[in-house]
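From first to last, the protein sequence lines are chains X and S. Heads up, the final residue of the first sequence is numbered 379 in this note's numbering, and it's a clean run with no missing numbers. Heads up, the final residue of the second sequence is numbered 621 in this note's numbering, and it's a clean run with no missing numbers.
Read the hints as simulated data drawn from the structure, not as lab findings. No experiment lies behind these values; they were computed from the predicted model shown. Glycine is no exception: its CB is placed at the ideal position from the N, C-alpha and C atoms. Incorrect hints may have been included.
Claimed, not checked - Quick list of simulated restraints, FRET-style, between CB atoms:
id, chain 1, residue 1, chain 2, residue 2, range
1, S, 606, X, 281, 39 to 45 angstroms
2, S, 615, X, 314, 17 to 23 angstroms
3, S, 169, X, 307, 40 to 46 angstroms
4, S, 171, X, 197, 26 to 32 angstroms
5, X, 197, S, 615, 21 to 27 angstroms
6, S, 170, X, 212, 46 to 52 angstroms
7, X, 307, S, 170, 37 to 43 angstroms
8, S, 184, X, 307, 49 to 55 angstroms
9, S, 606, X, 346, 19 to 25 angstroms
10, X, 346, S, 171, 34 to 40 angstroms
11, S, 169, X, 212, 35 to 41 angstroms
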Amino acid sequence: MNASSVMSTAQMNELATIWAIVQSRKAFPSVVVITGATPSDDTESIARGLATAAQSDGQRAGYLCLSASARSKTSSGTYASLSVIPSGSLRESFDVAISSWRSMYDIVIIDAGTSGVETLGLHAMRVGDGVVIAAYEDRKVVSADRRLARVLREIGASVIGVVMTGSAVATKPAAITEGRVALLPAVQTTK
Amino acid sequence: MSLFTRVVDAVRHQWLVVMCVLLVGMAATVFVLLGTHPKYTATTTVLMVAEPPESGNASYTTSSGTKPLLSVDLASLATATTVLLRFRQDMGLSDSLETLQQRIHARVSIDSSILPVQYSANSQELAIKGSNVLSDEVVRFYRETATTRFDSLIADFNSQLAKRRAELTGFDGKLAVAAKTYPYIDVAAPGTVVNGTESVYQRLIALQIERDALRATVNADAAAAQSTSRLITNAGPLAERDVVNSDSAYLSVRDQYAKDFAQLKKLSSFGSNRYPGLDELRATVAREAAIVSAARQHAASAGPVSNATYVAALDAQANANTTLASDTAKLRSQNEELSRLQAQIGQGRISTDVGRIRRDRDSAETAYATIADRLAKTIADRAEAASTGSVVILDRARFATKNMFAGGIIIATGIVFFTLWLALTLAVMIDGTYEWLRDPQTVESIYGTKLIGSIA
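Using the sequences and the accompanying hints, generate a full structural model.
As structure tokens, this is what we get:
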């Protein structure tokens with residue numbers, strides 16, 4: 189992701205508002221998970237946007253991307269230090285990492301991607317302090333939407349709300365200035 | 166959400182459907198433009214000559230009641246199936262009749278006897294040839310139909326007349342059978358004489374008149390007989406008196422008795438019985454009274470028949486009784502004859518049937534006359550139509566004009582608009598069958614949580 193790509197002022201203001209809502213709902217330090225029902229819902233933009241908003245608010249923000257789309261981008265080197273985090277057997281190491289991040293940052297933003305298929309993302313939503321659902325505006329309601337809502341209820345996740353995204357966000361992703369928003373190191377795979 | 170926004174969203178969502186419909190519409194438009202778009206049109210002018218001047222409107226009818234073929238009807242001949250078939254054969258075309266019909270335009274304005282026959286084709290030569298050939302076929306077909314219509318009518322009238330004739334023959338046969346079966350029944354109209362014999366009605370009336378006259382005669386005879394009888398009754402004593410008074414012996418004795426009786430009364434009036442001979446006189450008078458009575462009885466014993474007047478009265482009575490008996494017998498005979506005839510006529514069913522047959526025959530005869538009259542008029546109209554109501558080609562087509570906005574363009578434009586409308590409608594309809602994440606209500610109903618922001 190090109191760091192020079194920036195959001196519009198209106199989008200930044202909207203993200204700041206959303207961040208204020210998130211901040212008002214959860215105590216710090218906290219872990220906020222961003223998820224969506226379909227890949228088009230663009231959880232990545234919301235996650236990075238909220239990290240940016242937190243950083244603008246003077247918070248120490250940590251950002252972890254679990255989504256498949258973001259993971260594929262990591263191979264391009266845009267986001268250093270991010271690696272594929274396997275699910276299942278790594279749950280314990282993930283929990284250890286979360287605990288350490290809580291002590292290191294005021295807020296940790298986790299992009300869980302499409303959580304219906306990301307088992308680790310589901311775990312993150314369960315142990316996280318809040319979940320923000322990203323939904324692409326003006327798209328057809330699919331069965332994945334109802335499945336996501338059902339899963340969130342079943343795991344007892346604390347849902348903060350829904351943020352609608354659009355094509356403008358997808359084409360102009362939020363910029364993250366390195367040094368102010370920490371890109372969390374990869375969780376090492378141990379087999 | 167406004168209608169425009171909704172349509173735009175529907176098109177954005179269902180773009181594939183919209184594209185498919187538009188592609189089909191474009192293909193149809195191209196097909197119409199390439200396949201049915203004629204480029205040239207030629208016109209031939211046809212004139213209907215000798216049309217009745219007052220037939221400028223459709224209310225004109227011939228004397229037979231059949232409307233003639235007017236110029237306004239001529240236009241429909243151009244697209245008649247017979248004309249189209251002949252036209253297709255003449256032109257050597259293989260197009261369907263519907264296609265040919267679309268290339269033909271023939272319409273005449275009201276109050277005009279001129280029909281422009283237009284034919285459109287892809288080439289100028291074909292348009293000119295087609296227009297001329299089509300006009301020839303229209304004229305040919307008109308000449309056929311102008312008399313064919315009357316021929317059909319005439320054939321129909323002849324058929325009806327034959328049927329009526331058969332009916333009349335049947336009625337005549339029935340009447341003949343009735344006349345043979347019931348000879349006393351008047352099968353002819355009242356007042357007519359059939360075969361020199363008077364009808365039963367006339368005979369009946371004559372008999373009734375005779376019977377009335379005879380009845381009056383009998384009444385007169387009865388009155389005469391009664392009068393003579395009364396005369397005899399009254400004349401009997403008078404005749405007897407005349408007979409007694411004409412008896413001389415009786416008159417002599419009576420006169421002597423009258424004298425002696427008068428003498429006796431005279432002497433007795435003196436009041437004394439001392440007159441001599443008085444007793445003897447009394448005895449004489451008494452004796453003479455007995456003699457007178459005996460003489461009277463003797464004179465009366467001859468009876469009134471000896472009186473000429475009385476005998477004449479008796480003769481008159483006998484004659485009256487004879488006449489009365491004779492006339493009474495005649496009257497009885499008349500009454501019997503009348504009863505017999507009335508019994509024959511009194512068979513109402515037969516009389517009614519004959520009357521009904523006669524009425525039916527009269528009706529059939531009237532109908533026959535009407536149809537025959539119409540047939541005559543139709544034949545005259547046919548002759549008139551064949552001679553005067555003809556159609557000629559006024560001006561043949563020599564050139565063809567290029568069509569800028571012919572039917573193909575109009576149809577193609579219509580297809581384009583229809584396709585566009587269909588695409589949008591289908592998009593909106595299909596889009597309406599799905600649920601969309603557009604508003605906070607939908608989001609909250611799906612996820613069960615609030616919409617906290619939007620960065621779209």
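How the hints compare with the structure:
1. S:606 with X:281: 39 to 45 angstroms: Once the Cβ atoms are compared, 42 angstroms apart, the range 39 to 45 angstroms for residue 281 of chain X and residue 606 of chain S holds.
2. S:615 with X:314: 17 to 23 angstroms: 21 angstroms Cβ-Cβ, so the 17 to 23 angstroms window holds.
3. S:169 with X:307: 40 to 46 angstroms: About 45 angstroms separates the Cβ atoms of residue 169 of chain S and residue 307 of chain X, which means 40 to 46 angstroms holds.
4. S:171 with X:197: 26 to 32 angstroms: The hint (26 to 32 angstroms, Cβ to Cβ) holds, given that residue 171 of chain S and residue 197 of chain X are roughly 30 angstroms apart.
5. X:197 with S:615: 21 to 27 angstroms: holds, 25 angstroms
6. S:170 with X:212: 46 to 52 angstroms: violated, 34 angstroms
7. X:307 with S:170: 37 to 43 angstroms: holds, 40 angstroms
8. S:184 with X:307: 49 to 55 angstroms: violated, 40 angstroms
9. S:606 with X:346: 19 to 25 angstroms: The hinted range 19 to 25 angstroms holds for residue 606 of chain S and residue 346 of chain X, with Cβ atoms some 23 angstroms apart.
10. X:346 with S:171: 34 to 40 angstroms: holds, 36 angstroms
11. S:169 with X:212: 35 to 41 angstroms: holds, 39 angstroms
The structure does not agree with the numbered hints 6, 8 stated previously, though it agrees with the rest.
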